[in-house]
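Undergrad: For reference, the chains in residue letters:
Protein chains: 2
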Amino acid sequence: MPVRIDPHRSRQLNRLSILQLLRAHGELSGYDLARRTGLSRTAAYNVVDELLASATVRERLGRSRGGRRPVLYSLNPDTGFVIGVDLGGSRIRAESFSFDEKSVASSEVPMGLTGNGGVLSSVLEAVGNVTSSLPGPVLGIGIAAPGLVDASQGMVLQAANLGWQDVPLAQILSGRFGRPVIVDNDTNAATLAETRFGAGRGHRNVVYVRADTGIGAGLVLDGKLYRGELGVVGEVGHTVLEPDGALCACGRRGCLETLASVPAMVRRYRALRGETGPGELRFKDLTSRAYAGDEAARVTLRESGRWLGHALGNVANLLGPSAILLAGQVAGGGPLLWEPLLAELRHRALSPAAGQIWVARGELKERAGTVGAAQLVFEQVFSPDHEDWLPALRDRQAEGGSQADQDEGEDGGGARESNGSCMG
Amino acid sequence: MPVRIDPHRSRQLNRLSILQLLRAHGELSGYDLARRTGLSRTAAYNVVDELLASATVRERLGRSRGGRRPVLYSLNPDTGFVIGVDLGGSRIRAESFSFDEKSVASSEVPMGLTGNGGVLSSVLEAVGNVTSSLPGPVLGIGIAAPGLVDASQGMVLQAANLGWQDVPLAQILSGRFGRPVIVDNDTNAATLAETRFGAGRGHRNVVYVRADTGIGAGLVLDGKLYRGELGVVGEVGHTVLEPDGALCACGRRGCLETLASVPAMVRRYRALRGETGPGELRFKDLTSRAYAGDEAARVTLRESGRWLGHALGNVANLLGPSAILLAGQVAGGGPLLWEPLLAELRHRALSPAAGQIWVARGELKERAGTVGAAQLVFEQVFSPDHEDWLPALRDRQAEGGSQADQDEGEDGGGARESNGSCMG
Numbered sequence: 001m002p003v004r005i006d007p008h009r010s011r012q013l014n015r016l017s018i019l020q021l022l023r024a025h026g027e028l029s030g031y032d033l034a035r036r037t038g039l040s041r042t043a044a045y046n047v048v049d050e051l052l053a054s055a056t057v058r059e060r061l062g063r064s065r066g067g068r069r070p071v072l073y074s075l076n077p078d079t080g081f082v083i084g085v086d087l088g089g090s091r092i093r094a095e096s097f098s099f100d101e102k103s104v105a106s107s108e109v110p111m112g113l114t115g116n117g118g119v120l121s122s123v124l125e126a127v128g129n130v131t132s133s134l135p136g137p138v139l140g141i142g143i144a145a146p147g148l149v150d151a152s153q154g155m156v157l158q159a160a161n162l163g164w165q166d167v168p169l170a171q172i173l174s175g176r177f178g179r180p181v182i183v184d185n186d187t188n189a190a191t192l193a194e195t196r197f198g199a200g201r202g203h204r205n206v207v208y209v210r211a212d213t214g215i216g217a218g219l220v221l222d223g224k225l226y227r228g229e230l231g232v233v234g235e236v237g238h239t240v241l242e243p244d245g246a247l248c249a250c251g252r253r254g255c256l257e258t259l260a261s262v263p264a265m266v267r268r269y270r271a272l273r274g275e276t277g278p279g280e281l282r283f284k285d286l287t288s289r290a291y292a293g294d295e296a297a298r299v300t301l302r303e304s305g306r307w308l309g310h311a312l313g314n315v316a317n318l319l320g321p322s323a324i325l326l327a328g329q330v331a332g333g334g335p336l337l338w339e340p341l342l343a344e345l346r347h348r349a350l351s352p353a354a355g356q357i358w359v360a361r362g363e364l365k366e367r368a369g370t371v372g373a374a375q376l377v378f379e380q381v382f383s384p385d386h387e388d389w390l391p392a393l394r395d396r397q398a399e400g401g402s403q404a405d406q407d408e409g410e411d412g413g414g415a416r417e418s419n420g421s422c423m424g
Numbered sequence: 001m002p003v004r005i006d007p008h009r010s011r012q013l014n015r016l017s018i019l020q021l022l023r024a025h026g027e028l029s030g031y032d033l034a035r036r037t038g039l040s041r042t043a044a045y046n047v048v049d050e051l052l053a054s055a056t057v058r059e060r061l062g063r064s065r066g067g068r069r070p071v072l073y074s075l076n077p078d079t080g081f082v083i084g085v086d087l088g089g090s091r092i093r094a095e096s097f098s099f100d101e102k103s104v105a106s107s108e109v110p111m112g113l114t115g116n117g118g119v120l121s122s123v124l125e126a127v128g129n130v131t132s133s134l135p136g137p138v139l140g141i142g143i144a145a146p147g148l149v150d151a152s153q154g155m156v157l158q159a160a161n162l163g164w165q166d167v168p169l170a171q172i173l174s175g176r177f178g179r180p181v182i183v184d185n186d187t188n189a190a191t192l193a194e195t196r197f198g199a200g201r202g203h204r205n206v207v208y209v210r211a212d213t214g215i216g217a218g219l220v221l222d223g224k225l226y227r228g229e230l231g232v233v234g235e236v237g238h239t240v241l242e243p244d245g246a247l248c249a250c251g252r253r254g255c256l257e258t259l260a261s262v263p264a265m266v267r268r269y270r271a272l273r274g275e276t277g278p279g280e281l282r283f284k285d286l287t288s289r290a291y292a293g294d295e296a297a298r299v300t301l302r303e304s305g306r307w308l309g310h311a312l313g314n315v316a317n318l319l320g321p322s323a324i325l326l327a328g329q330v331a332g333g334g335p336l337l338w339e340p341l342l343a344e345l346r347h348r349a350l351s352p353a354a355g356q357i358w359v360a361r362g363e364l365k366e367r368a369g370t371v372g373a374a375q376l377v378f379e380q381v382f383s384p385d386h387e388d389w390l391p392a393l394r395d396r397q398a399e400g401g402s403q404a405d406q407d408e409g410e411d412g413g414g415a416r417e418s419n420g421s422c423m424g
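Quick note, the sequences are listed as chains A and B, same order. Residues in the first sequence are numbered from 1 upward in steps of one, following UniProt numbering. Residues in the second sequence are numbered from 1 upward in steps of one, following UniProt numbering.
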């Protein structure tokens, strides 16, 4: 019985397979594209032809491995650009990326006055700086925001640093820029960034913990950013480790944040030295003193390392990740912090997982926010909805590309095959 | 430019969409199938025709809503049967399910002697009992096994109750039965069962905790069973809550299992009463005494409830689930256990998630294992690999169904459309 298939949907999926392969591998021959997609060579070349025609993909002649020189395909960097924006504590960073996810330009501007107006004008300035001379369209803008964010609505629910409450940031900025805007919290963005380009490369189940003033985690599970359902995820900082411990800002006692955040460590250090009056100390100063031999500082780093290992051991037992990454200032605590952390984590984690988990410091440092914010957009661009994000493909559809679906024929593919870029 | 699509793959995906819709909704008209798949009516009817021809789907005339009587489609219950097997502590349960996931027959046989031979012959007996008079083929067998299981290999790595170590159970049983066998641990199976048919129905992010002799959890995240990567997942029983607490079997101190498992509660109760000699007490006896006014028993239930709430609050903060389910004997502790559990969970969980999480007792009780074991198979049967599991469809492919892909035509669909089961 003849089965009629939906040509538009199939073509979308085939195109997506090829775009994703080129995203993952950089450059592939038509033979490889057909083999890895499971498409016939004819079908694969027809999709490639369409992507070439819309300038989404480019081709070049590769080196011969004994026979004909193969034609190699890769994403066209100028197809469009993605902007990642990180709303930091005192400055706003923006970075532009080409379609093949290479950094093109970056800009850092001081945060304007708090409140919507000041921050927004700084965002506009930073984005303007990295988009002024791009040789292609902006596909979308990703924003890594501090505080509580509802990513599905693009809303910043609460961000004390910015003085924001219930700000519909995605809507405001997409109005200003005329391009789609995705907003998520900075920890989720950094988690994506480290998993794709940083210390978690190649891992499908990653726990990313950032320990600074607060402690929060992001999760990549089964290869995807996990957002949970009720807006609160990754709150490892409020795992209670010492039921009768110090009071936390959240109202509970003995949370990890009261034991291993920067303010907690500074408090602990000063308490150990019997200092009680006012006094400021940066984390950097604490570590310098520790490595210069200050025993109170050394004890502080060791204790906090142990508490972090304790909390991460619990997380490891619950989620069985293959990688645990630690970032933020605290990750710079050096071996005095890391050694007890690792020992405690291994001790807490149930075998056989314990020895195999990759535990490492985040690599991307202050770039994690912009790289991750751009990833929020790239994840959409390389999704089944890609047509919505790629003007070149969308325009082709509108111009009648969809009519071509109807008059199928063998010729296009057959002719191409005899052009002979297929090696065996 | 004509784009040639891969007909076999497209047809598979379209067929899967329709099978999944009928699985979720029970019965749908051709109009609904087309609307919900996004296929043209012609395309939808062609897939349905194929499924009717292979007797995978059946049709009947529905009630008129003013116009023609619609034709309604549903899964054919006799297409094939799935067997779920639960390897319990002292008995083996098997249950057979029709293609539309209705229970057909169940059997319980006492566990044979431990060691491979005894257990396996009991499994064969129980499976034999529920497959002897089925009106269709067995599609596959799912096994819920206790202990440490490598689901990807179908291996029971360690199961003290059964006296097993590194038993390739899937391989052994598929050899005996000549059908595919999937093995996973009993907690994962029960998690699937409760999410699909029990207290977690309709939820996409579920934490399922079973508290008996031990305490373990299963996770459904983003709608899928989450297995992690290193074989250890859901070990919430070994979350350390009291760093200087009692020694746990795992070698650490103060794990949740030392505070809220059945043996821990019995120990705590006897300690509160100053009993030190040998003595056995069932959980049932403990709760009876508590509700009869025994203060030590009441304190025991309350304390364990609070510790469970504490641990679940940490899990809620990490994963932001929409449902938390508690099963096992301890879940039968009644309000003396549940009230402090809920209070502590709400107190620990960070708003705004706290009030919205659905917290409930598992509903499926001793059937969770067999229902869940069968779900392990149904998840595969309704996956892109469905042809491997459905002999009727596979045989059609072999008989030349794939040739039909080539000679596409409008006729089949057109003729069907004029038969007019399409209402508006």
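There could be a bad hint or two in this list.
Some, not all, of what chain A presents toward chain B, calculated at C-beta under 8 angstroms [as the list claims (entries may be wrong)]:
{"hint": "1", "residue": "Q20"}
{"hint": "2", "residue": "R204"}
{"hint": "3", "residue": "E235"}
{"hint": "4", "residue": "V236"}
{"hint": "5", "residue": "H310"}
{"hint": "6", "residue": "W358"}
Covered stretches of chain A, as calculated for chain B (at least 3 residues, CB under 8 angstroms) [as the list claims (entries may be wrong)]:
{"hint": "7", "stretch": "237-246"}
{"hint": "8", "stretch": "312-324"}
Simulated from the structure, these hints should not be mistaken for laboratory data. All C-beta atoms, glycine included, are put in the ideal place defined by N, C-alpha and C.
Undergrad: Decide, hint by hint, whether the structure agrees.
TA: Hints versus structure:
1. Hint status for Q20(A) relative to chain B: violated, with the closest Cβ pair at about 15 angstroms, above 8 angstroms.
2. A distance limit of 8 angstroms between C-beta atoms decides the matter here; for R204(A) the minimum to chain B is near 7 angstroms, and the interface restraint holds.
3. Annotation: interface hint on E235(A) holds; nearest CB of chain B at approximately 4 angstroms, less than 8 angstroms.
4. Interface restraint check for V236(A): the shortest CB-CB distance to chain B comes to about 6 angstroms, inside 8 angstroms, so the restraint holds.
5. Taking 8 angstroms as the C-beta cut-off, the interface hint given for H310(A) holds, the closest approach to chain B being about 7 angstroms.
6. Annotation: W358(A) was flagged as interfacial toward chain B, and the flag is violated, the nearest CB pair being 10 angstroms apart, outside 8 angstroms.
7. Coverage of the stretch 237-246 of chain A by chain B holds [criterion: at least 3 residues with CB-CB distance below 8 angstroms; count 6].
8. Residues of the stretch 312-324 of chain A with a Cβ under 8 angstroms from some Cβ of chain B number 10, which satisfies the need for three, so the listed coverage holds.
This entry does not satisfy hints 1, 6, going by the numbered hints stated previously.
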